[in-house]
Structure formats: structure tokens, C-alpha cells
Amino acid sequence: MAPVDKPDHNLVEQQIKDIIQSLFQLMVQTSTYDQAGRPTSTILSTELTTLSSSLGRLSRTAVSSLPPPPSSNPHHLPPTNNDPRQPSVKLPEIPEPLIEYVEAGRNPDIYTREFVELVRRMNQLARGKEMAFTKFRDVLAEEMGRAMPELKQDVERVVEATGGREAIRPVVREGGGGGAGGGEGNGEGKS
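Using our numbering, read the sequence shown as starting at 1 and increasing by one per residue.
Hint data in this document are derived by calculation from the structure and do not stem from the laboratory. Hints may be right or wrong, so weigh each one.
Okay, derived cross-link-like pairs now, SDA-like style, lysine to any residue, Cα gap no bigger than 20 Å in a straight line [said to hold, decoys possible]:
no. : residue 1 : residue 2
1   : Lys135    : Gly145
2   : Lys135    : Arg157
3   : Lys17     : Asp34
4   : Lys152    : Thr134
5   : Lys129    : Gly163
6   : Lys135    : Val119
7   : Lys135    : Gln153
8   : Lys17     : Thr42
9   : Lys135    : Ala161
10  : Lys129    : Glu96
11  : Lys135    : Arg146
12  : Lys135    : Gly105
13  : Lys17     : Arg57
14  : Lys17     : Ser54
15  : Lys17     : Ser52
16  : Lys129    : Arg146
17  : Lys135    : Gly163
18  : Lys17     : Pro39
19  : Lys135    : Ile94
20  : Lys152    : Phe136
21  : Lys129    : Glu117
22  : Lys152    : Thr162
23  : Lys17     : Tyr33
24  : Lys17     : Leu58
25  : Lys129    : Gly164
26  : Lys135    : Glu117
27  : Lys152    : Gly128
28  : Lys129    : Met148
29  : Lys17     : Met27
30  : Lys17     : Gln29
31  : Lys129    : Val119
32  : Lys129    : Ala147
33  : Lys135    : Val158
34  : Lys152    : Leu125
35  : Lys129    : Gly145
36  : Lys152    : Asp138
37  : Lys17     : Leu55
38  : Lys17     : Gly56
With the hints as constraints, model all of the structure from the sequences given.
Structure (C-alpha cells):
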């Protein structure tokens with residue numbers, strides 16, 4: 001975040017102090033609230049109005065300190081919002097489980113670590129599935145090429161279109177020898 005100018009910083013600091021003062025006054029008024037007494041309810045109503053206006057001023061200050069929209073896009077207009085109860089600025093969303101962690105007195109870093117581990121496991125699972133389907137595609141293409149030689153070119157085209165290898169390598173080597181070396185052969189191949 002860009003540093004805030006000193007006058008803006010002082011203004012925001014004063015507005016936050018006003019809000020804290022209003023909250024303190026509300027606390028005092030609610031702890032000594034007398035339902036029968038008219039002056040108490042009037043004072044409480046006044047304090048709520050003061051708190052609301054202080055929060056509104058702070059919100060307007062925060063919105064006015066945002067950078068202007070990029071000038072390269074003239075159609076980029078801020079959303080119009082006529083409802084004063086709804087913020088006109090999109091605030092970052094905080095995941096509900098993270099809020100529950102903090103409310104339970106747990107360290108939010110633990111949530112972050114567990115979330116990263118969960119995403120890593122899910123990525124590994126997805127990668128494993130992708131590799132299994134890739135191998136299945138290659139085995140299926142090889143077997144189809146052997147069983148139906150007239151479709152071999154079509155099968156190779158489908159394999160290449162789905163991100164397969166340039167040449168389909170046989171999964172099971174025909175002929176003797178080879179052993180467990182897994183080499184590419186001697187250069188003599190069947191067509």
C-alpha cells in the first residue's frame with residue numbers, strides 16, 4: 001500500500017479517535033440507561049447519530065484516498081451505489097474458516113499452513129489423475145493401432161490433438177532381448 005500523506009494520516013487518526021470516543025460514550029450511556037427517563041434515551045440517540053456520522057466521515061476519507069481509475073480505460077467508472085448502508089468500495093473477502101480460527105483463539109498462520117497443505121494435496125491428486133489418463137490414452141492408442149491398423153493415422157492424430165507425444169511409443173516391446181533397460185531400440189522400427 002502506498003504511504004499516506006501526513007495531513008491525511010492526521011485526519012484519519014483524528015476520525016478514529018472520534019469513533020473511539022463515541023463508542024466509549026455509548027458504552028457509558030448504555031450502562032446507565034434508564035428506560036423511564038426521557039433525557040437518557042435522547043442522549044443515547046444523539047450518541048448513536050454521532051457515531052454513525054463519524055463512521056461515515058471515515059468511510060468517505062478512505063474512499064477519497066483510493067487511487068483514481070486508470071485513464072487508459074475511459075469506460076471504467078466506479079459502481080454507482082445509492083444505498084448509504086452498502087460500501088461503495090469492494091472490500092477484501094475473508095474466508096469464514098479463517099474468522100472461525102481467530103474467534104477460537106487459534107493462530108491464523110495455522111489456517112494458512114493447513115490451507116496450503118490442502119491445496120498441495122489436491123494438486124498432487126489432480127496431477128496423478130492427469131498422468132494416469134495420459135498413460136491410459138497412450139496405451140489405448142497403441143492397442144487400437146495394433147488391433148485396427150487402418151485407424152492408426154486417425155488414432156495418432158487424436159493423440160497429438162489431445163497433447164500426446166509426437167510419436168506413439170509401444171508400451172510392450174515385441175521381440176526378444178531388451179531386458180529392463182527401457183531403451184528406445186536400435187533404430188529399426190515397424191511401420
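Note to self: Hint by hint, where does the structure go against what was stated? Just the numbers, ascending.
What the structure shows: 3, 6, 8, 10, 12, 16, 18, 19, 23, 26, 27, 28, 32, 34, 35
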